[in-house]
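J.: full-length UniProt numbering puts the first residue of the sequence shown at 1, with every later residue one more than the last.
What the hints contain is simulated information worked out from the structure, not anything from laboratory work.
Wrong hints could be hidden among the right ones.
[What the hints assert, rightly or not] Computed Cβ-Cβ distance ranges for the label pairs, DEER-style:
(1) 361 - 200: 52 to 58 angstroms
(2) 299 - 138: 26 to 32 angstroms
(3) 495 - 440: 54 to 60 angstroms
(4) 81 - 361: 58 to 64 angstroms
(5) 200 - 463: 28 to 34 angstroms
(6) 81 - 346: 33 to 39 angstroms
[Unchecked claim] Taking lysine-lysine and the DSSO-like style, the derived pairs with C-alpha atoms no more than 27 angstroms apart in a straight line are:
(7) 519 - 423
(8) 368 - 519
(9) 385 - 468
(10) 34 - 304
(11) 191 - 7
(12) 304 - 341
(13) 313 - 423
(14) 470 - 437
(15) 132 - 5
(16) 76 - 66
(17) 400 - 304
(18) 304 - 191
(19) 470 - 313
(20) 197 - 211
(21) 437 - 463
(22) 313 - 273
(23) 314 - 301
(24) 79 - 313
(25) 400 - 519
(26) 106 - 37
(27) 304 - 385
(28) 470 - 460
(29) 79 - 106
(30) 106 - 66
(31) 453 - 423
(32) 314 - 304
(33) 463 - 423
(34) 100 - 197
(35) 76 - 7
(36) 304 - 468
(37) 34 - 132
(38) 197 - 304
(39) 7 - 40
(40) 37 - 5
We put the beta carbon where it would ideally sit given N, CA and C, even for glycine.
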Amino acid sequence: MEPIKPKAYSYIRFSTPEQAEGDSERRQIEATNKYLKHLKEEDGKEFELVPLRDLGVSGYSGKHIKHGELGKFLDKIDKGQIPSGSLLIIESVDRLTRLKQSEAQKLFIQILEAGVTIVVLDSTAQEITLHKFNNDAGVIYRLVGEIQRAYTESKRKSELITDKREQERKRAREGNGKISGMTPMWLENNKDWDESKSRDERFIVKDENYKNKKGEPENVVGAIRLMFQMKANGKGTYRIERELNQMEGIYFPKGKRNKSGRWRRSTINRYLKDRRVLGEYQPHTNSFKEDGTRKREPVGKPIKNYFPPIIDKKLFDRVQSVFEINRKKSGRGGGKTGKAKNLFVHLVKCAACGDSMRYIDKGDNRPKLRCDDNTRNLNCTEDRKIRYDIVEPILLRYCKGLDPSDILPGNEARETELVTAQKELQEVDGELTQVEKGLENLLDNMELGEEVKNRYKERKEQKEDLEKRKSDLESRINELTNSAQHTSQRLKDISDLIERLSNAEGQERINLRVALRSKLQRLIDQIQVGFWVEEEEGYTYTTLEIQFRDDVRRTLVIINDQLDSVLTIEGGDVTLEDIARERQRVADRKIKIRAQKSSS
């Protein structure tokens, strides 16, 4: 039986991906093999080589100790799993650590006290044992010098990079410079640009006119604009992903990290929230937490107009408002089937247990809503169902605040522009008031000289500009309001909307239902479905209690698949007594109508 060989742990570390592509790893491996061969030939010592690799990991931050292979090696030392007499081979001290002196010495002592010899290969193979560390002053001096050199060198590099970044950020804020680093996928860094050229030439936009190095078109901007439009129209990320990947002639992001060359939901969501599409750039700085992980923090305010903008601000804001609405509830984009069959997804609840009502379609053209908790045989005992094809038109007819024009293409854009214009008008009015006050003060102090007169002239010009802006905004608001009124005439009432939902086909139908679903989510908080028994008269009835977001409650009573009565209450709960009173009122009205008909 062969004797067990002692182990030689070859630790290789470098910080950057460029070193991986270069000579660093090969050089360190060759030096290790040469040293072990020398030990075998000259001293007859043979070791089992165990590689330890921390590739692309910083030695200055300590991340290699907290999370890297070196950290695992140190854990084994603490657990007594590294035999005494083992070797730890490093190319140089800075491969093992670039920490400050006190922390670096603790690291060396921890390894040496475990009986491990540290071999530093650089100029001459220096073997450091615990005995030498404690008794050989020359070893200590050389080691301390190497530790200090490694730390100082890394610190100096870090400071130079930080200073360079600060200067780049300063020039960029002044509109003259460009910050080195990552460029958004829809832009290409113009390597020929320098500060003598226009800032607009810093980047090349990958739009319909762009071609890559192979001469192939690469319209990234077109694809991103398309996903913004789809999201603004109420489509969820599942649907956007599927529709984009089914399209022909658009850009697909194929690369090292995405070999499939297809759009992914994570990428779509990230771009839909990325303010760089507006031209903004938020500088960041990197620091390190105590655990060695990198912490990325914003530095100062975003730099406006740093990148060429590719998305209109109003469209971007519309999409963010959709995200804000969807943040509290999911399921806005047509569902996983993409057909948007259920307009009230996540809104309809079981009155008995509060769980969602599941949309069940068995292919008989009579889909139903049933308590999901009961369907899954959990706690709820309410197993009764209600036909969805009856519920949908009734709920639409009595949905407070639903304007049929709200689901037409372009309406949300008009609404957003109208709100933005109204808000801007308020701001202009406020500025105008301040300017007018300033003019009055300057007028009272005209005798103070030429400087006051010049300021008065500037303020007067400012007032004229504001008055023109106010007039333009008022005209635009009037146009948008008239446009809304005109659009409403295209679909006169909810009945037309319901008819259009029934008659539309294919993608038009899906888009219509997705937009309507999105609108309903903004109007309604929840709809409780209750099933009740009228023992005296011997029949059952269903209630649909709609809780609107403006604190209005509306209860619809359905008997034998027909709407029987409607009760609306502002700020309060609808009770069974309220329903009974409303039903009695309806019954009395019917009796009165029948009596009038029989007497005539």
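J.: Look at each hint and say if it fits the structure.
T.: Going down the list of hints, with the structure as the test:
Look at residue 361 against residue 200: about 54 angstroms separates their beta carbons, and that is inside 52 to 58 angstroms. Distance hint for residue 299 and residue 138: a CB-CB separation of about 46 angstroms, inconsistent with the stated range 26 to 32 angstroms. Checked against the hint of 54 to 60 angstroms, the pair residue 495 and residue 440 passes, with Cβ atoms roughly 58 angstroms apart. Taken as a hint, the range 58 to 64 angstroms holds for the pair residue 81 and residue 361, whose Cβ atoms sit roughly 60 angstroms apart.
Evaluation of the 28 to 34 angstroms hint for residue 200 and residue 463 yields a pass: the beta carbon distance comes to about 33 angstroms. Between residue 81 and residue 346 the beta carbons are some 53 angstroms apart, a value that contradicts the proposed interval 33 to 39 angstroms. A C-alpha spacing of about 22 angstroms is found between residue 519 and residue 423, which places the hinted pair at or below 27 angstroms, so the restraint holds. A hinted pair counts as satisfied when its Cα atoms are at most 27 angstroms apart, and residue 368 with residue 519 qualifies at roughly 22 angstroms.
With a C-alpha separation of about 61 angstroms, the suggested pair residue 385 and residue 468 falls outside the 27 angstroms cut-off, and the hint is violated. With a C-alpha separation of about 56 angstroms, the suggested pairing of residue 34 with residue 304 is violated against the 27 angstroms cut-off. Distance hint between residue 191 and residue 7 is unfulfilled; the C-alpha atoms sit about 50 angstroms from each other, more than 27 angstroms. Restraint check: the Cα-Cα separation between residue 304 and residue 341 comes to about 43 angstroms, which exceeds 27 angstroms; the hinted pair is violated.
The hinted pair formed by residue 313 and residue 423 meets the criterion: a straight-line CA distance of about 15 angstroms does not exceed 27 angstroms. Using a Cα cut-off of 27 angstroms, the hinted pair residue 470 and residue 437 holds, with the two alpha carbons roughly 17 angstroms apart. For a cut-off of 27 angstroms, the pair hint linking residue 132 to residue 5 stands: about 24 angstroms separates their Cα positions. Annotation: proposed proximity of residue 76 to residue 66 holds, straight-line Cα distance about 13 angstroms (limit 27 angstroms).
Restraint check for residue 400 and residue 304: not satisfied, since their Cα atoms lie roughly 41 angstroms apart, outside the 27 angstroms limit. The straight-line distance between the Cα atoms of residue 304 and residue 191 is roughly 22 angstroms, inside the 27 angstroms bound, and the hint therefore holds. Note on residue 470 and residue 313: the hinted pairing holds, with a Cα-Cα distance of about 20 angstroms set against a maximum of 27 angstroms. Between residue 197 and residue 211 the CA atoms are separated by roughly 23 angstroms; this keeps the pair inside 27 angstroms, and the hint holds.
For the hint pairing residue 437 with residue 463, the CA-to-CA distance comes to about 11 angstroms; that is within 27 angstroms, so the pair holds. This hinted pair checks out: residue 313 and residue 273 have alpha carbons roughly 12 angstroms apart, not beyond 27 angstroms. Under the criterion of a C-alpha separation no larger than 27 angstroms, the hint pairing residue 314 with residue 301 is consistent with the structure, at around 21 angstroms. About 58 angstroms separates the Cα atoms of residue 79 and residue 313, which puts this hinted pair outside 27 angstroms; it is violated.
Proximity of residue 400 to residue 519 is assessed by CA-CA distance (about 12 angstroms); at most 27 angstroms being required, the pair is judged to hold. Between residue 106 and residue 37 the alpha-carbon distance is near 31 angstroms, which puts this suggested pair outside the 27 angstroms criterion. For a cut-off of 27 angstroms, the pair hint linking residue 304 to residue 385 is broken: about 55 angstroms separates their Cα positions. About 15 angstroms separates the Cα atoms of residue 470 and residue 460, which keeps this hinted pair within 27 angstroms; it holds.
With a C-alpha separation of about 17 angstroms, the suggested pairing of residue 79 with residue 106 holds against the 27 angstroms cut-off. For the hint pairing residue 106 with residue 66, the CA-to-CA distance comes to about 14 angstroms; that is within 27 angstroms, so the pair holds. Using a Cα cut-off of 27 angstroms, the hinted pair residue 453 and residue 423 is violated, with the two alpha carbons roughly 33 angstroms apart. Of the pairs offered as hints, the one joining residue 314 and residue 304 holds, with about 16 angstroms between alpha carbons and a cut-off of 27 angstroms not exceeded.
Our distance criterion of 27 angstroms between C-alpha atoms is met by residue 463 and residue 423, whose separation comes to about 19 angstroms. About 43 angstroms separates the Cα atoms of residue 100 and residue 197, which puts this hinted pair outside 27 angstroms; it is violated. As the CA atoms of residue 76 and residue 7 are separated by approximately 14 angstroms, the hinted pair is consistent with the 27 angstroms bound. Annotation: proposed proximity of residue 304 to residue 468 holds, straight-line Cα distance about 26 angstroms (limit 27 angstroms).
Restraint check for residue 34 and residue 132: satisfied, since their Cα atoms lie roughly 24 angstroms apart, inside the 27 angstroms limit. With a C-alpha separation of about 19 angstroms, the suggested pairing of residue 197 with residue 304 holds against the 27 angstroms cut-off. For the hint pairing residue 7 with residue 40, the CA-to-CA distance comes to about 13 angstroms; that is within 27 angstroms, so the pair holds. Restraint check: the Cα-Cα separation between residue 37 and residue 5 comes to about 14 angstroms, which is no more than 27 angstroms; the hinted pair holds.
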